[in-house]
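As given, the protein sequences belong to chains L and Y, one line each in that order. Each residue of the first sequence is one higher than the one before, counting from 1 in the working numbering. Each residue of the second sequence is one higher than the one before, counting from 1001 in the working numbering.
The reader is advised that the hints may include incorrect statements.
As the list claims (entries may be wrong) - Stretches of chain L that chain Y covers, calculated by requiring three or more beta carbons in the stretch to come under 8 Å of a beta carbon on chain Y:
| # | region |
| --- | --- |
| 1 | 9–22 |
| 2 | 82–88 |
Said to hold, decoys possible - To list a few chain L residues with every Cβ distance to chain Y over 10 Å, as calculated:
| # | residue |
| --- | --- |
| 3 | Ile6 |
| 4 | Val105 |
| 5 | Val135 |
It is worth saying that the hints were derived from the structure and are not from the lab. A quick note: this is a predicted structure, and the numbers were derived from the prediction, not measured. Idealized CB from N, CA, C, for every residue including glycine.
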Amino acid sequence: MNPPLILRTSAPLLLWLPIFVSLYVLVRGHNDPGGGFIGGLLAAGGILFFSIARGPDAARRVLRLSPVSWCAIGVLVALASGLPALLAPGQAYLTHLWWFPNVGVTLPLSTALVFDVGVYFTVIGTVSALFLALVELDKSGESA
Amino acid sequence: MPGLTTLALIGPLMIGVAGAILLALLPIRRPAMAASVAALIGLALYLPMLPVISAGGSLFAAFWGSTSLGIVGGLRLDGLSLIFALLISGIGALIFIYAHGYLSDDPRQKRLVVFLLVFMTAMLGAVTADDVILLFVFWELTSLASFFLVGYKHESLKARKAALQALLVTGSGGLALLAGLILVSIAAGTTSLSGILSAREAVLAHAAATPAMLLIILGCFTKSAQVPFHFWLPNAMAAPTPVSAYLHSATMVKLGIYLLARLNPLYQNEVLWQGILTFFGVATAVTGAVLAFRETDLKRVLAYTTVTALGTLTMLIGIAPALSITAAMTFLVVHAFYKAALFMVAGIIDHETGTRDAASLGGLRRSMPLTTLAACLAAFSMAGLPPFVGFVAKELIYEAKLELGQTAAFLILGSFLVNAATVAIAGVLSWRLFFGEARGFTQAPHDPPKAMLAGPILLAIFGLVAGGLPTAFGNALIDPAVTVVLGRPAEVTLKLWHGFNLVLALSAATMALGVLFYLAWGRIVPRLRGLEAMDRYGPSAGYERLLAQVMAGAETVTTTIQHGSLRGYIRTLFLVITTACIGTLIIRGGFAWPRLDVLVDPRLGIALLIVVGAIAVMVARTSIQAVLAMGLVGFATALIFLSFGAPDVAFTQFAVETLLVVILATALMRLPLRRRDLRTGREKSVDLAVALGGGLAVALMLAAVLASPFDPRLSLWFGAESVPSAHGRNVVNVILVDFRALDTLGEITVLAVAAFAVVALLRRTPETPEKASQSPNLAKAEGSR
C-alpha cells in the first residue's frame, strides 16, 4: 500500500510547517495561547504526517534519536530547569529565574522556558513513540 | 585546622564517588588496583585524625543538609566512627588487592570493583553520618550495592535468589529503621544524631519512645543477621569470595552493630533494650555455633561463625556495665581481622583446589606453606590463643560476664559453649585443612600470587601485633570508641596477662572442650545434618513460604484484573465511574438542579454537534466511520472551550483530537473494515445499561456541580499573580510551567513512562514470535473480539 504521489511529494511541507509553527507556539506560550504541551502536539503531528507519507523509517531518520530518548531528554531538561534555583539562597527547587538582556529589544529569558522545552520534547517523544510502535507493529506483522 | 578536618571527613566519600564514576567510564587496565589506591587515600586521610580522636575529641564537617526539608546533614568523626572508618578503608584496600588476583581472568571484574567501591563509600558515609536521614540513605545504599554484589553471577539462579533474599530481609528492616529514626527525630526535634543523643530525656519521655526503639532494633537486627533473620547471611555466600570477605564478615553486617553501639548512650539504662539485646544476642550466638556444625562448605561455615560473632557483639552491647563495651569494641576489631583473613584463605583454597568442602580436604601444608601460615595465625586469633589479640578479647568477654555476678550464669554457660565451638571450627580451618595426609585435590595446588596472599597475611599479623601491644592498641583505638558508646570515659586497660584467676581457668576449660568438639567434628556434622526438622521449620523455610504466598497472591490479583478483554476493561471503568458519582451524591446528599437560565445560551447550540457525533458513533457501519464520528464529538467540545474563552484548552483539544483520529485510524487499519457484531442480545442490553448508567451518573454530577456556588479565590489569585510574579500573561501556561511546575514534571514523567511501556509492549522480538501469540492475554483478547 503506497501513499499517493501528492502526499509523498508534499511530505516535507507536512513535516516542517507544523514544526516551525510549533516552535512559534512554544516560544509565545508564556503570554499568548500556546506553550510546550501544544507545541509538542503540533510538532508530533508533523512527524506523524511525515511518517504516513514517507514511512516510519524516514520519520525515525528525521527524529535522529529514538522517540523514547526524546522522552528521556525532555524529562531531564525539565528536571534540570529547576536546579539553578538551588544556587540562589533560600529558593525552592523549580523556582524559575528570569533574565532580561537588552539586545536592541528586551529578551525575556527564563528557566520557565527551559522547563517548557522539556515538556515539548517529552510530548513529541511520547506521541511519536506511540505512533511509530503501532505502525511498525503493522510492518513486522506483514513480514512475519 | 577546619580545612583539614573537612578534607578528612568529606575527602574519602568524594574519592569513592569520583573513583566509581571514573572506573565505570574509563578503560582502566587494573580496576581493582586503582580502587585499592582510592581506599588507601581514604585511609591516609582518616589516620592523621587518630591523635585528636584518641585525646577524646570529635570532628565535624557540614555536608548535604537541606533546611527546607528539615535535614541537618553533616559528618562527624569520633572514636566509634574512626574504628569503623579505619576498618572499612583499610580492609577495603586489602580486599581490592585480593580481588585483583582472585578475578584476574574475569571479564566482568570491573563491574564488581565499581560496586565494591560504591559499597565502601556508602559504608564510610553511614558510619560518619551525623544525621539520621543521611545515615539511612547510606545504610540503604549498602543494601543496594550488596544486592548487585551478591547477585554478581546473575546467570545462577542460586545467586539471584540469594541477592533478592538479602535485599528483601535487610530492605524491610530498613523500612522499620526509617520509621524508628523518624519517630526519634520528631521526639528530639532534630535529625542530627548528636542532637538526638543530647536530647536523651525528651526522646525517652516521648509517647512513641518504645515503638521507636523496637523499630530501630528491628532494622539493626535484620542488617546484622540476628535470629530470626540470620538465614540470609549464609545464603549470601553465593557472592564471589572478595565480596563475602568484605561485606559479610568485616563491614556491612557490622552496620547494625554500629547503630546499636551509636544509640547505646540513649537507651543503655532501659531494661527492655538490655533484655532484648542480651537475649537475642545469646540466641544468635548459640544458633550460629550450632548451625556452623551442620556445614562443611568453608564459606558457609565461616558465615555461621560470623552469625555467632554478631550475636556475641549484640549481647555485649546489651549487658550494661562498662567492661562489656570494651570487650565488644575489642572483639569487633579482632573479628574483622581474623574473619576477613579466613574468608580470603577460603577463597584461595577454592581457587587452587576447586573445592571448598572442609570434609574432603586435608594436608595442604606442603603445597601451600604461606597460605598455611596466614590461615593458622588467623585461626589462632579466632580460637583465642595467647598471644593473639583474640585471646585479649575472649578474656574480656568472660570478665565482662563474671562482673555481672550470679545472674549471668546462663550467659557464661552460653558463651562457654559458643567459644568452645569457635575453637573447634578454628581447628577445622587450620589443622584439619593444612595438616595430616594430603587429600581432596587432584592436581597439586600451590600458593596463589602475591596479590591474593597480601591481605590474609597482613591481617593475621595485625592480630598478632595488636595482641602483643594490647595497651597501645586499647589507648589509641578502643578507649575513644568505648567513651562514645558509654557516653563517659572508659576505665579498662587491655592486658594480655591477667594472672591466674577464674577467667584464665574458664579459658583453659574452653580450650579443652573445644579440642573435644574438634575431635568429634567428623561425627557431629552428619548427625546434625540428619535433623531435617531444622530445615523444615526454620525461619528460612518461613521466608520461602511467605514469598511463595506473595507471588500466588499477586498472580491471583493479576489474572482477575488483567483478564485481557477490552470490553471488560471499559465496562469496569464505566461501572466505577457510575458507582463513584452516584455513591458520592447519595452519601453527601448532593443531588441538586441548577437554575435553568444557565442553559439558555446560544453557544450551547454547539452541543447539538456532540449529540449528532455520539449518535453517529453508535450507528456507524465501519470502525473508520466510528472514529471520524468520535472526532466530531472531540472537535465540538473544543469549539465549546473556544466559545467560553479558553483558547489554550481548545487549542490543545484540537491538537489531541487530530492526533487521536490519525493514530486510531492507523491502528484500526490492521483490523477488518467491516466486522459483524458478535454480541448476543443479552450482552447488548447489559452494555446499553452500563453506558446509560455512566452517562446518567456524570450528568447528575455535573448538574450538582453547576448548582453549587463557584469559589473564585484560586482563579483570582492566579490571575492577579501571573504577571507580577511569573512575568507571563497566559495564566494557563504560567500555572503549568511555574506555579504548579512540580505537577507538570510529574505529568511529563508519566507520559515518558507510558511511552516506554507502549514501546516495550508492542515490540515484537523476532526470536519469540510464537510465544507472543500464545500468551494467554492475547489469546483471550482475540477470542473476545
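Against the structure, the hints:
Counting residues of the region 9–22 of chain L whose beta-carbon sits less than 8 Å from any beta-carbon of chain Y gives 0, not enough to reach three: the coverage restraint is violated. Coverage of the region 82–88 of chain L by chain Y is violated in this model, with 1 residues showing a Cβ closer than 8 Å to a Cβ of that chain against a need of three. Look at L/Ile6: its CB is around 18 Å from the nearest CB on chain Y, clear of 10 Å, so calling it non-interface holds up. With 10 Å as the threshold on Cβ separation, the claim that L/Val105 sits away from chain Y holds: the shortest Cβ distance comes to roughly 15 Å.
A Cβ of chain Y approaches the Cβ of L/Val135 within 10 Å, the least distance being about 6 Å, so the stated non-interface status is violated.
Of the hints listed earlier, those the structure fails to meet are numbers 1, 2, 5, in rising order.
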